[in-house]
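Chains as they are written, first to last, in our numbering: chain A, 1 to 401; chain B, 1 to 452.
These are calculated hints, taken from the structure and not from any lab test. There's no promise every hint is true.
[Claimed, not checked] Only part of the chain B face toward chain A is listed, based on derived beta-carbon distances under 8 Å:
(1) Gly153
(2) Phe173
(3) Ala184
(4) Val220
(5) Asp229
(6) Ile321
(7) Leu327
(8) Pro416
(9) Gly417
(10) Arg421
[Unchecked claim] Keeping only pairs whose Cα atoms sit at most 20 Å apart, straight-line, the calculated SDA-like set for lysine to any residue is:
(11) B:Lys196 with A:Glu3
(12) B:Lys142 with A:Gln333
(13) B:Lys231 with A:Asp250
(14) B:Lys196 with A:Pro365
(15) A:Lys249 with B:Pro164
(16) B:Lys96 with B:Trp113
(17) A:Lys42 with A:Asn378
Only a predicted model underlies this, so the values are computations on that prediction, with no experimental measurement involved. We put the CB at the ideal spot given by N, CA and C, even for glycine.
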Amino acid sequence: MSERVFNGVKILDLTQGIAGPYCTKLFGSFGAEVIKVERPVKGDITRGMGPFPNDEYDLEKSGTFFYLNANKKSITLNVKSKEGIEILKRILKTTDILVESYAPGGLQKLGLSKKILRKINSRIIVTSISAFGKTGPYRRYRADNLTVSALGGTVYPMRPGIQPKTRPTALGGYQAEFSTGLLSYIATVAALIGRANSSRSVSIDVSMMECVASTLMGHIAEYSYLGFSRRTNPFAIHGYPIGYSVPCKDGYISLTPGIGGAPNIPFLINEPDLQNSDFITDPRMRMADPEGFDALIIPWLMRRNKRDVTAEAQELRLAFTPVLSAGELFEDQQLKARKFFNTTRHPRLGKIANPGPPAKLRGTPWLPGRAPLLGEHNREFYRGLGYTQREIKKLHSAGII
Amino acid sequence: MAYKLLEGIRIIDLTMVFAGPVATKILAELGAEVIKIESWQRPDVFTRANVYPENNPGTDPWNRGCLFHSLNAGKRAISLNMAAEEGRDIFKQLLKVSNAVIENYSPRVMTNWGLDYGRIKKINPRIIMVSVSGLGHDGPLKDYYMYVPGMEGMSGLTHNTGNPDEPPLLSGFAYGDWVTGANAAMALMTALFHQKITGKGQYVDVSGREATICHLGDIVLDCILNKRDRKRMGNRHPGYAPHGCYRCKGDDEWVAIAIETDSQWKRFVREIHEPEALRDQAFASRQGRLARQTELDCLIEQWTTRRNKFEVMEALQRLRIPAGPALNMKEINLNPHLMKRGFFQCVNHGEGIGNRPIPSQIPAKLRGFRKFALRRAPHFGEDNEYVFCSLLGMSKQDLEHLEQEKVISRAPEFPPGRPTRVDLLEKQQAGCIDPDYLTELRKHFGVGIGKA
Numbered sequence: 001m002s003e004r005v006f007n008g009v010k011i012l013d014l015t016q017g018i019a020g021p022y023c024t025k026l027f028g029s030f031g032a033e034v035i036k037v038e039r040p041v042k043g044d045i046t047r048g049m050g051p052f053p054n055d056e057y058d059l060e061k062s063g064t065f066f067y068l069n070a071n072k073k074s075i076t077l078n079v080k081s082k083e084g085i086e087i088l089k090r091i092l093k094t095t096d097i098l099v100e101s102y103a104p105g106g107l108q109k110l111g112l113s114k115k116i117l118r119k120i121n122s123r124i125i126v127t128s129i130s131a132f133g134k135t136g137p138y139r140r141y142r143a144d145n146l147t148v149s150a151l152g153g154t155v156y157p158m159r160p161g162i163q164p165k166t167r168p169t170a171l172g173g174y175q176a177e178f179s180t181g182l183l184s185y186i187a188t189v190a191a192l193i194g195r196a197n198s199s200r201s202v203s204i205d206v207s208m209m210e211c212v213a214s215t216l217m218g219h220i221a222e223y224s225y226l227g228f229s230r231r232t233n234p235f236a237i238h239g240y241p242i243g244y245s246v247p248c249k250d251g252y253i254s255l256t257p258g259i260g261g262a263p264n265i266p267f268l269i270n271e272p273d274l275q276n277s278d279f280i281t282d283p284r285m286r287m288a289d290p291e292g293f294d295a296l297i298i299p300w301l302m303r304r305n306k307r308d309v310t311a312e313a314q315e316l317r318l319a320f321t322p323v324l325s326a327g328e329l330f331e332d333q334q335l336k337a338r339k340f341f342n343t344t345r346h347p348r349l350g351k352i353a354n355p356g357p358p359a360k361l362r363g364t365p366w367l368p369g370r371a372p373l374l375g376e377h378n379r380e381f382y383r384g385l386g387y388t389q390r391e392i393k394k395l396h397s398a399g400i401i
Numbered sequence: 001m002a003y004k005l006l007e008g009i010r011i012i013d014l015t016m017v018f019a020g021p022v023a024t025k026i027l028a029e030l031g032a033e034v035i036k037i038e039s040w041q042r043p044d045v046f047t048r049a050n051v052y053p054e055n056n057p058g059t060d061p062w063n064r065g066c067l068f069h070s071l072n073a074g075k076r077a078i079s080l081n082m083a084a085e086e087g088r089d090i091f092k093q094l095l096k097v098s099n100a101v102i103e104n105y106s107p108r109v110m111t112n113w114g115l116d117y118g119r120i121k122k123i124n125p126r127i128i129m130v131s132v133s134g135l136g137h138d139g140p141l142k143d144y145y146m147y148v149p150g151m152e153g154m155s156g157l158t159h160n161t162g163n164p165d166e167p168p169l170l171s172g173f174a175y176g177d178w179v180t181g182a183n184a185a186m187a188l189m190t191a192l193f194h195q196k197i198t199g200k201g202q203y204v205d206v207s208g209r210e211a212t213i214c215h216l217g218d219i220v221l222d223c224i225l226n227k228r229d230r231k232r233m234g235n236r237h238p239g240y241a242p243h244g245c246y247r248c249k250g251d252d253e254w255v256a257i258a259i260e261t262d263s264q265w266k267r268f269v270r271e272i273h274e275p276e277a278l279r280d281q282a283f284a285s286r287q288g289r290l291a292r293q294t295e296l297d298c299l300i301e302q303w304t305t306r307r308n309k310f311e312v313m314e315a316l317q318r319l320r321i322p323a324g325p326a327l328n329m330k331e332i333n334l335n336p337h338l339m340k341r342g343f344f345q346c347v348n349h350g351e352g353i354g355n356r357p358i359p360s361q362i363p364a365k366l367r368g369f370r371k372f373a374l375r376r377a378p379h380f381g382e383d384n385e386y387v388f389c390s391l392l393g394m395s396k397q398d399l400e401h402l403e404q405e406k407v408i409s410r411a412p413e414f415p416p417g418r419p420t421r422v423d424l425l426e427k428q429q430a431g432c433i434d435p436d437y438l439t440e441l442r443k444h445f446g447v448g449i450g451k452a
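So that you can see chain A by itself, here it is in the shape it has in the complex:
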């Protein structure tokens, strides 16, 4: 009774790295046919990026590639060759969406200007993902996840509340990349929905710097309303200390003491006499003295482990939660009950757990799937395109596929 959302939607994926592949992974996992075009021999750059099992470099065993390319078909093609580009044009005729992550101007260099693309396929949606977008003074600048996060404004406010002028540290992992992949997907699906309202061909220009800045949400406007640039999540802005992590016996707890039951804190720490103190009843007292608040609860926390603290606090409607490592996710009873980790089979990695869906759509399932081997679908795909066995061999020996 459940069905794939993008049944019959064809996507040509000319991206590599993280942002672009995450965008097309979402399409693939909701049932689109994604043809991933990779460089012959080397493939996508993330194939060379770890983690590898036992840290042994192997193009077919990258964990990052596995995660980002589930449910895609891999074909190899040298798009810089003349034959390569002719083949690409043939594929484009039946493509609904082209997603690409070349530097601005890259498609034109290949001979695929907007005009030519439109001539090949007037209904095509072209989604271009780059660090700074196709226009503007920074368009030729280089970036990686860290430097684009800095420019997008998400590095500056990354300091502990009580040490707001220390060296900022960016969010862990590749948040700029994933955010961009996600927003690119949303814009592209919207274009698919809205295409009926537009007779013109559609192109989408996504800039990673802007995607990063959009994750700052309303905080950007603190400047235009008050002249304020936050260095941290200020204790003093929301009327209570906002979430931060405090130590306990076996790790850390993250908490937001001001919302959802602060009056219960005295009961949590077995000091009911405190319930009438200003410090508990008036959030503005706490915000003026975050260290005083810490001094109140940290001694109690240090005698208990994070699971027990969380359980007791939650009983009292206090928003205390444990800080978990990635390893601890695998023992998390909630994730287990919700079957968050799926198991997939990969020809080289064997049986492997796979995190996921980012959201549960009950009527249209998420396909856990696996990533393809390099050029795994060459034969099937090129035969489907009308090439004979012999011609495919020829393209192969010429280094085109």
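Given chain A's structure and the hints, the job is docking chain B onto it.
Just chain B, lined up with the frame of chain A:
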């Protein structure tokens, strides 16, 4: 810039604070009609009550908060008391003329109101319902009280953020809420496409914590493949060095630099002449640099400390090396690249507030669709008449009756408007205050800034 892609799609929005409103702001910027529901007892206080223009709460503070303006521009707002049966009956009428409903209450609320998906579906079989929560709508921990620190902390993100020898660091800007909201928009958009093709609705369950884990794929996979439980590593990268955030000339000024290849390194040392120690042959290879990162970072910082952060960016970008200053909110608002790209839209928020730049929540430039100017964020209950009369066919008398019965209202119950404690912000050094911000903004966004 906003685009008309989702014309004719109507979303009922029961969400508050950050996560849910991010989701519906994305839909509103893409042309959907979003109707935000609040009640007089439960307005969206958190965002309505914070950071007023020129620190002045005015007489209607609930209509003046900057976070609310940014996150709710382009939406409509009605007041409706869902705790009253009459309010729920009106809500059911609204369900009949809408494509989707999105909510972020704790899991029991909608069920207690008799508005769980099973019953909503009977009213409108085509409807999509999106529930946004911390840990999801089933499982043993579904009733956990949690906000953004829980989404980040329970996902592995916090454990992997900050310096290795220091406590884990939560984001300074509610990033986990953004991830939750943007993933809810992703799911809703997907379900809307499915609805358009098949005419079918469905139920969508978004767990903010799970969405955040999905943005940590590489870290989680290291655990799966190698049982290696990674920990925060500051600004470093597992595969290349130098990779860090370095102090520049001035007070609290920083630049991020990432050198990915040996040839970039070669160009780097050719450009910077001192300190001499950087020319050490051991640094010529990626492995050599990865092995001595602490030393390397000190040497590079000796060079950056004497330079302006923008000069460093320009010097290194000329060498095709990724580098960028850590921009603060002022520099984001006034950034020439973002401005040129149309990242901000100047929206007039009315009397006493005037124009202010509103950042885009879906910053994609689309060609082939009609653009439109985003409406300012709605005042409390501003669209009561449009929704109840124009959409649902009620009369003016009906509205008066509903107001008497306190089912709808023109003003919320609201805590006294209080200015931000700028003195505390300064004392705690929680940020920098620019007293000339209106003048600065007017230079770029015109004289209408701050004037109605």
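Hint-by-hint comparison with the structure:
no., hint, result
1, Gly153, "holds, 4 Å"
2, Phe173, "holds, 5 Å"
3, Ala184, "holds, 7 Å"
4, Val220, "holds, 5 Å"
5, Asp229, "holds, 3 Å"
6, Ile321, "holds, 6 Å"
7, Leu327, "holds, 5 Å"
8, Pro416, "violated, 12 Å"
9, Gly417, "violated, 12 Å"
10, Arg421, "holds, 5 Å"
11, B:Lys196 with A:Glu3, "holds, 14 Å"
12, B:Lys142 with A:Gln333, "holds, 11 Å"
13, B:Lys231 with A:Asp250, "holds, 15 Å"
14, B:Lys196 with A:Pro365, "holds, 17 Å"
15, A:Lys249 with B:Pro164, "holds, 18 Å"
16, B:Lys96 with B:Trp113, "holds, 17 Å"
17, A:Lys42 with A:Asn378, "holds, 15 Å"
The structure fails to meet hints 8, 9 from the earlier list, while all remaining hints are met.
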